[in-house]
Amino acid sequence: MLFALGLCLCSFINAGAQDSTRPELNLTVSYFMKDNKVIHLLINTKAKIDSKFQPIPNTVVRLYLDKAEDSLLIGKVTTTRNGFAKAVFPVSLQSAWAASPNHTILGIAEGNKEFDEVSSETTVTKTRLALDTTTSEGKKSITVQVLAQTADDWTPAADVEMRVGIKRLGSILSAGDEETFTTDSTGTVTVELKKDSLPGDEKGNYILVARIDDNDQYGNLSLEKSVPWGEPLVVDKNFFDQRTLWTTRYRTPFWLLFMAYSIVIGVWGTLVYLVVQIVKIKKLSENKSS
Amino acid sequence: MQAATTTLTSEQITLDLLPQKFGKRGMIWTGSLLVIALIGAYAYYRQLKYGLVVTNMRDYVSWGIYISNFVFFVAISLVGSLITAILRLANVKWATPLTRIAEIIAVSAIVFASIIIVVDMGRPERFLNLLIHGRLQSPIIWDVIVIGTYFFISLLLLYFPLLPDLKLLIQFKEKSGKFLNRLYRFQGSFWKGTRSQFRISDRAITILCIIIIPVAFCIHTVTSWLFATTYRPGWDSTNFGAYFISGAFLVGAGAVVVAMYVFRKAYRLEKYITENHFEKMGRIVVLLSLLYLYFNVNEYLVPAFKMKNAESAHLNQLFTGEYAPMFWFAILVGMILPICMLVFRRGRKPVPMFIAGIMIVVGAWFKRYLIVTPTLLHPFLPMQDVPQSYHYYFPSWEEWAIALGSLAGALLVITFFARIYPIIPIQETITEQHEKTE
Chain A
64 MLFALGLCLC SFINAGAQDS TRPELNLTVS YFMKDNKVIH LLINTKAKID
114 SKFQPIPNTV VRLYLDKAED SLLIGKVTTT RNGFAKAVFP VSLQSAWAAS
164 PNHTILGIAE GNKEFDEVSS ETTVTKTRLA LDTTTSEGKK SITVQVLAQT
214 ADDWTPAADV EMRVGIKRLG SILSAGDEET FTTDSTGTVT VELKKDSLPG
264 DEKGNYILVA RIDDNDQYGN LSLEKSVPWG EPLVVDKNFF DQRTLWTTRY
314 RTPFWLLFMA YSIVIGVWGT LVYLVVQIVK IKKLSENKSS
Chain B
12 MQAATTTLTS EQITLDLLPQ KFGKRGMIWT GSLLVIALIG AYAYYRQLKY
62 GLVVTNMRDY VSWGIYISNF VFFVAISLVG SLITAILRLA NVKWATPLTR
112 IAEIIAVSAI VFASIIIVVD MGRPERFLNL LIHGRLQSPI IWDVIVIGTY
162 FFISLLLLYF PLLPDLKLLI QFKEKSGKFL NRLYRFQGSF WKGTRSQFRI
212 SDRAITILCI IIIPVAFCIH TVTSWLFATT YRPGWDSTNF GAYFISGAFL
262 VGAGAVVVAM YVFRKAYRLE KYITENHFEK MGRIVVLLSL LYLYFNVNEY
312 LVPAFKMKNA ESAHLNQLFT GEYAPMFWFA ILVGMILPIC MLVFRRGRKP
362 VPMFIAGIMI VVGAWFKRYL IVTPTLLHPF LPMQDVPQSY HYYFPSWEEW
412 AIALGSLAGA LLVITFFARI YPIIPIQETI TEQHEKTE
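The listed protein sequences derive, respectively, from chains A and B.
Each residue of the first sequence is one higher than the one before, starting from 64 at the first, in the working numbering.
Each residue of the second sequence is one higher than the one before, starting from 12 at the first, in the working numbering.
To be clear, the hints were calculated from the coordinates, so they are not data collected in a lab.
Each hint should be verified, as a subset may be incorrect.
[Claimed, not checked] SDA-like mimics (lysine to any residue), calculated; alpha carbons at most 25 Å apart, straight line:
#1 K115(A) / E87(A)
#2 K346(A) / L194(B)
#3 K346(A) / N192(B)
[Claimed, not checked] Far from chain B, some chain A residues (derived; all Cβ distances over 10 Å):
#4 E87
#5 D113
#6 E132
#7 L169
#8 G174
#9 E184
#10 D216
#11 D264
#12 E294
#13 D304
Model, not experiment: these values are computed from the prediction.
Even glycine gets a Cβ: it sits at the ideal position worked out from N, Cα and C.
Produce the complete structure using the sequences and hints provided.
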């Protein structure tokens, strides 16, 4: 009996303890570099609530370069309703950034009523991308080289998976047959362009993209280059100049204008005539009384 | 009527048909309508203050009870052209006592159709943008133009036949009071009743009767095109113009029958609105009910025979689903039962006619709700990643209050009109009386 009572008490205390357990905030800091120049950090906060990851908005996150010191503060951001925030690498930390080939980005999410303070680290090796194009015997090739910084030089980075392709609306169309490509021992990927006759801009230019996504060592890198390999886009400028039912009010079809105005003028002309008749009736009365 | 009025003198007719002060019942009726209209005005104030969020209209059902009410008002307004214009042009004399009732119903309905559209806009101060930035390609602009035109024609058609009566009203200064007499003088003191004035007036009325018919057809056809030019299940029909017009004629005739009964009772007009009028209006209502039923069979049976995927969800909801009780109520009460009642001579007596009229009007209101709402809940693309409340629609109390307030407002216009002006044309009744005795 006592044992059973103790068991109940234990489970009650345990349940109470479980109830008071706060969900753990999950913080990730991702490193992005575009065209070997612009660096930004993407912060994401989420938590497992009701067995499902939910974005956590309004979380204040401090970002530091290597150590949590005020002098190395990259920025302080607050997550949006989707649980994301973005921070641009400040110019003031340029010399600290240049001092070493490897850095750690430290993110600290401040605690609040719902969550305890959490931190997250991302280690990055400084990397550079180079994109070159060649055309030989009518075949077009794209060569991308990945160079990682060492203590005193830039060395080729082997076994790095990346996407090489043509920038389309919202995505990258792979230049070759595979979706992704991996660098060889020289840090190079060469892809023969298999997509012919793709539409470019009005001059036939489109943008080639080399992109490394979520690499543990190098982060997220992308490089773009415009090439005149596409088919010039012929924009039908006359389309919007047509007088149609779906264009603006200034391009109403003539037949509709004619019909509408004829009806409106016909009907309202008659109505004006009838109003004049009222005036006429009134005048007849004045004549009679005079 | 003919038999009953042969012994009536002009003085007797004038005294019988002059506007009367509200009695106790009239005061209660007017007070009740004012209260409902004021509640509606308060609900609209809340909508103006907080925005359209006080309604239950969301991304999918963006046309709710307001647009149903708008279509209902536009439908009722068509009666002006039926009773006044078509019967007048056809030289149907028995309809004379009903013309003014029909015209004031038309005017009040078209006024509140316009008001309810502005209510639905959410931002009334932007109404002028419709005219300033409107595209002539849009059926909405056609609707704005045609509603304005129909309103003006209806006003003229109300005004011209009123001129001879205004002269009579001015003569009864003591009965009408100072204020009303001043109003009558302002509106019609210039009417002397000369032959040339009558000639101009009669010609104007004939022109109005001719012109109102195509405009009335336009107003309801264009309103139907607001739906039919949109590619959606339930609206994608080439039949919609005729379907709407037939429905409008029916509800308008139903409303006239109800008004005939109420005015006959309230103002003791049995000598002028006789059982013969109910008998003849009953025949018209049966014809219009059959016509509307025919278009309904077309509108529902043909798509139901094909049961295309997008249409089937909509039709199943109407036939056997969530909206089935309302749908069958509208069909049975709004069409089939009135036909069954009025097809027999006994059914065309005043009381059964009044009941049938109420059934037609109530059924017609729900029919408009069914035309608007279920279709909006069945878009071609699936409703995904939206709050659960977007999947259903039931009007909020503010929407009900505004809709009922607008109905009360329309009835108030008719009530006040009947208080100020003769609801049966006095001069025309006297003239017809003289023609008969001669």
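Against the structure, the hints come out as follows:
no.	hint	verdict
1	K115(A) / E87(A)	12 Å, holds
2	K346(A) / L194(B)	20 Å, holds
3	K346(A) / N192(B)	22 Å, holds
4	E87	27 Å, holds
5	D113	17 Å, holds
6	E132	44 Å, holds
7	L169	36 Å, holds
8	G174	31 Å, holds
9	E184	34 Å, holds
10	D216	51 Å, holds
11	D264	31 Å, holds
12	E294	32 Å, holds
13	D304	15 Å, holds
When each numbered hint is compared with the structure, no violation occurs for any of them.
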